[in-house]
Amino acid sequence: GNSVTQMEGPVTLSEEAFLTINCTYTATGYPSLFWYVQYPGEGLQLLLKATKADDKGSNKGFEATYRKETTSFHLEKGSVQVSDSAVYFCALSDRGNDYKLSFGAGTTVTVRA
Amino acid sequence: DAGVIQSPRHEVTEMGQEVTLRCKPISGHNSLFWYRQTMMRGLELLIYFNNNVPIDDSGMPEDRFSAKMPNASFSTLKIQPSEPRDSAVYFCASSSDLSGGQETQYFGPGTRLLVL
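Chains as they are written, first to last, in this note's numbering: chain A, 739 to 851; chain B, 7 to 122.
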C-alpha cells in the first residue's frame, strides 16, 4: 500500500535559517506528490506539488524535487520567516489507491524572531 | 471564490447527543472528502464522494458515523450518538476530479468538535 514518512518534529529555527523537512514515500504506482501547510487554527492549504520524476514544485520560497530513485520529496526553504511557523504535511496520491491522498504525520515548525 | 465552507466552526456537545457537521464544496468541484484530525491518529480520510456518490467509506470508524451528499453543493457528516473519543477537528475538502491524481484538494477551515 501507499505510505508517507516524514521527519518528526517539532522543529524550532531562528529567522533566516535554512529549513529542510525530509519526506520519503512508498507507492504501488507512479504517484503525484504534495506538500500541504496548516497554519494555526486553519485548514490545510496546498503549498506545492510535483507530478512526475525530477519535477520541482515551488511556492513562497519553498521548493521540493520529486526524486524517483530515492522515493523522496524533501521540502526546503533557504531563509525562513516567523510567518512560516506551521505544520507541514507531505502527501501522495496515485491510481492504485483511487487517487486518495495519503498523508504523512506532519512536522511542526516554529520560527523564532 | 469563497472556498470550502464548513459549519459550525466549533461544536461542544454532551455524550449521546447527535452531531451534524456541514460542508459546502467549491462550486464546480465534483469530489468531496471528509477527514478527521487528532493528535493521536493525525489526518484520517473518513469517506469521499464523486459526483455525489459515496465511493469509499472504509475510513468511517463505526456505524455511529454517516455521511450524505444530497446534491453537488452540500454534504453532511453525522455522528449519532456522539462519544468523547469523537472529539477532533473534522475537515471537508473538495477537488475538481479524481482522474489523473494531480488535482489539488482544497480544505475547509474545519469544525472543532468537543464531546463531553
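Hints were generated in silico from the structure; no laboratory data involved. Heads up, the beta-carbon is just placed ideally off N, CA and C, and yes, glycines get one too. Heads up, a few of these hints could be off.
[Unchecked claim] Every beta carbon over 10 Å from chain B, so not counted as near; a handful from chain A, in silico: (1) 743; (2) 783; (3) 814.
[Stated by the list, open to error] SDA-like, lysine to any residue: derived pairs with alpha carbons at most 25 Å apart: (4) B:30 to B:68; (5) B:84 to A:779; (6) A:806 to B:26; (7) A:798 to B:102; (8) B:74 to B:26; (9) A:790 to B:102; (10) B:30 to A:780.
We went through each hint and held it up to the structure:
1. 743: Nearest chain B Cβ is 12 Å from residue 743 of chain A, so the label holds.
2. 783: violated, 7 Å
3. 814: Nearest chain B Cβ is 21 Å from residue 814 of chain A, so the label holds.
4. B:30 to B:68: At roughly 24 Å apart (the allowed maximum being 25 Å), residue 68 of chain B and residue 30 of chain B satisfy the hint.
5. B:84 to A:779: holds, 22 Å
6. A:806 to B:26: With Cα atoms ~42 Å apart, residue 806 of chain A and residue 26 of chain B exceed 25 Å; violated.
7. A:798 to B:102: With a Cα-Cα distance of about 24 Å, the restraint between residue 798 of chain A and residue 102 of chain B holds, given a limit of 25 Å.
8. B:74 to B:26: holds, 11 Å
9. A:790 to B:102: It holds: about 20 Å lies between the C-alpha atoms, which stays within 25 Å.
10. B:30 to A:780: Holds, at about 17 Å.
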